[in-house]
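Residue numbers (this note's numbering), protein chains in the order written: chain A, 1 to 112; chain B, 113 to 224.
For the record, the hints were derived by calculation from the structure and aren't laboratory data. Hints may contain errors.
Unchecked claim - Partial chain B-side listing against chain A, Cβ under 7 Å, derived:
1) 145
2) 165
3) 215
Using N, Cα and C, we set each Cβ at its ideal position, and we do this for glycine too.
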Amino acid sequence: SQTIHQWPATLVQPVGSPLSLECTVEGTSNPNLYWYRQAAGRGLQLLFYSVGIGQISSEVPQNLSASRPQDRQFILSSKKLLLSDSGFYLCAWSLGGGQPQHFGDGTRLSIL
Amino acid sequence: TQLLEQSPQFLSIQEGENLTVYCNSSSVFSSLQWYRQEPGEGPVLLVTVVTGGEVKKLKRLTFQFGDARKDSSLHITAAQPGDTGLYLCAGANGGATNKLIFGTGTLLAVQP
Chain A
1 SQTIHQWPAT LVQPVGSPLS LECTVEGTSN PNLYWYRQAA GRGLQLLFYS VGIGQISSEV
61 PQNLSASRPQ DRQFILSSKK LLLSDSGFYL CAWSLGGGQP QHFGDGTRLS IL
Chain B
113 TQLLEQSPQF LSIQEGENLT VYCNSSSVFS SLQWYRQEPG EGPVLLVTVV TGGEVKKLKR
173 LTFQFGDARK DSSLHITAAQ PGDTGLYLCA GANGGATNKL IFGTGTLLAV QP
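Chain B on its own, in the form it takes in the complex (with noise of 0.2 Å):
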């Protein structure tokens, strides 16, 4: 069974701090996705990484993918209160039934 853990599971900082969470598996995966979930909605995507070892951009916001396409990171430069939320990431496969492993998730919440 494919597992992914995030850590940590709950993380509160103050505006202006920086973060990184992480996201762990045995398992290889073909993408990995990030999403960020606001409390009563469903998941929105932030970031589709394919390639082991790329990094994405967006903002503030940084993404890695491990180079064995393993683990992933995302790391958040000078968190705003509008970042908080529930990061989760998650593994894909592929194929035609595209489904996806989610992580276990991370609950960030940053004080103004």
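With the rest of the complex left out, here is chain A (with noise of 0.2 Å):
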């Protein structure tokens, strides 16, 4: 069966700082990868998306960026964290036409 695995659970970063948040799939290929972000109690936002090794859309304009180094990895990143980019961040895969995403667990960001 497939699994989704994202890391870390919570994070406290200071603003101007990096960030790395990693996300990986178990038991399958080549999936659709995205990263979201999620205001408290709210829907969600999708910041990336990636169909493929090395292929990233982006979805808003914003201070982060997305990679896929691998398969079924996908890594959110920043160089200088702003206090706006605070925010629950979930990583999700599926496969094409109209398949439903299954997600990870979430990351809990805070910027102080």
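Since each chain sits alone in its own frame, please combine them into the complex, following the hints.
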């Protein structure tokens, strides 16, 4: 069966520091991968998605970037965090063609 | 820009009551998914509806996809405290990217 792992679960970082959040998927090949941000009690905003190694599409202009160095690894990064980058970040995977997305347990990022 | 509006935004009810959550859009989707999310965790898929007018039942939960595939509803019968959580609808346009448009969310609290 397929599993998705995100880490860390929580992170507290000072303004201006770098960021690296990692997501890995097991049990499937060539999945679509997604990064979302979620405000408390609200829906999910798609930040990035990837349909293959090295292929990254950005949905909204922002202070973050994403990379996919391996088939089942998706990384969310920033060189200098802003206060507005605080939030709950979720990674998801799916197969194409209308298949549902499956989510990791998220990372709670707090910027001080 | 495609939007999915959910109503109500918040709902607090007593155990045993019935409720309906609505998910509305002016856009047509190839399929629509419902997720439930608990605090500090990722959303978990409940159901996918694909055909206009389709009705799916999952124990006490009944999901309906509108005839025009622009809206959906979730009805819970005899709600229980375990139903508490954030309910999210998400519309899909299919295709290779399989991107989802998430609704604004409905936060449900079922009091014992």
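task = With chain A as the partner, please determine if residue 145 of chain B meets the hint condition of a C-beta pair closer than 7 Å.
result = 5 Å, holds
ask   = Against chain A, is residue 165 of chain B within 7 Å by beta-carbon distance?
value = 18 Å, violated
request  = Identify whether the interface hint at residue 215 of chain B stands, where standing means a beta carbon of chain A within less than 7 Å of its own.
outcome  = 5 Å, holds
The structure shown violates just one earlier hint, number 2.
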